[in-house]
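Given the structure of chain P, go ahead and fit chain D onto it with the hints provided.
For the record, the sequence lines run as chains P and D.
Numbers in the numbering used here are just positions in the first sequence, counted from 1, shifted up by 173.
Numbers in the numbering used here are just positions in the second sequence, counted from 1, shifted up by 314.
By construction, these hints were calculated from the structure, which means they are not laboratory data.
Some clues are possibly wrong.
Claimed, not checked - In silico contact screen, one side only, chain P against chain D (beta carbon under 10 Å); selected entries:
(1) 180
(2) 185
(3) 186
(4) 188
(5) 190
(6) 192
(7) 214
(8) 302
(9) 309
To be verified - Capping the alpha-carbon separation at 20 Å, the derived lysine to aspartate or glutamate pairs in EDC-like fashion look like this:
(10) D:440 x P:208
(11) P:224 x P:326
(12) D:406 x D:324
(13) D:441 x D:420
(14) D:385 x D:355
(15) D:441 x P:184
(16) D:437 x P:208
(17) D:406 x D:361
(18) D:441 x D:415
(19) D:441 x P:205
(20) D:441 x P:264
(21) P:224 x P:206
(22) D:440 x P:206
(23) D:406 x P:263
(24) D:441 x P:232
(25) D:441 x P:208
(26) D:441 x P:326
(27) D:441 x P:236
(28) P:288 x P:264
(29) P:209 x D:420
(30) D:385 x P:263
(31) D:406 x P:264
(32) P:288 x D:396
(33) D:437 x P:206
(34) D:437 x D:425
(35) D:437 x P:246
(36) D:353 x D:368
(37) D:440 x P:248
(38) P:209 x P:248
(39) D:437 x P:205
(40) D:385 x D:340
Note that beta-carbon positions come from the ideal geometry of N, C-alpha and C, so glycine has one too.
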Amino acid sequence: MDGITYPVLMDANHRVTELYSITNIPTVVWIDENDKIVRPNTAAPGTDIFKDFTGVSCEPHIEALRNWVRTGEVDIEPDAAATAVTGLSDDEVRARLHYRIALHARRSGNDDAAKAHFDTAAGLAPHDFTIRRSAMPLTGGDPFGADFFTLYEEWQAGGRKYDGLPTPT
Amino acid sequence: MSEVVVLAEDETRVGGAISESGVEVDAAGLAAAIGWELKPEGLCRDEVCIPVSDPASLALGDGYDLTAVAKAIGATALVDTDLGVVAVSQPKAQRNVAVHDMMAPELVLPDLDGNQVSTAGFKGRKKMLVVFASW
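Bound-form chain P, shown alone (with noise of 0.2 Å):
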């Protein structure tokens, strides 16, 4: 793609989610020059398209991010990144493995046992948009729809779950 001049990498198989304990996007993760995390998990939109929505502005992050690229310093103390994330619970594993199978019968054309892994991935990760939205457009649901704000308001009323820096609201 014209103008980008970062890598973009596909995980079709949600590798990264699974690794980083990652349950919503846009996440992001910062990562020094030694592959050390030192601001894990945040919910940070790169634009503020959908600000009036989710009640998150784009600015705090980005500056926050150019001053540690240009400073070395992170915003957020040491012992608060590390216990920021508390991975992914037995459930949410279960999950990602139902999901995987969930793939795997929908590309065989076995529909109907995709649709059980998935809502079986749904029944164990109810809270978790990666496993949950991202099955919508696989299973004939509208991630941009009804579908969707069920799930918001589930996650809402859930307690708004998620794993990793608490997000200003």
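Leaving out everything else, chain D in the frame of chain P:
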């Protein structure tokens, strides 16, 4: 022996069989599917070995019980007998690299042109991992 599809880091088809006794795969299939093999010093992958107190507990038929091996390396396996498919998670120690040890695990993933790219190539620079989806 028929075929088993293993969904781990990649999707692999190996010789094996799923029965009520478990998921039987041979040694070559085990290494091909999840990268681990049983040696005298234990279950090994690259330079890492995990001692196994009772190697017989990993055996099934003429090969290995994939579910038992997964458990021994700290991973979770999920079997769909009807589909002939086994999905295997990353071992807990691997899932702890980012979450607990605060180190970026190396990942090899395809770029938009299909080239395999290792994240190890970015060492020595500050990086921001942006995880995004178009849904």
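- Return the numbers of the hints above that this structure violates; sort them in rising order. Violated hints (numbers, rising): 20, 21 and 26; every other hint is consistent with the structure.
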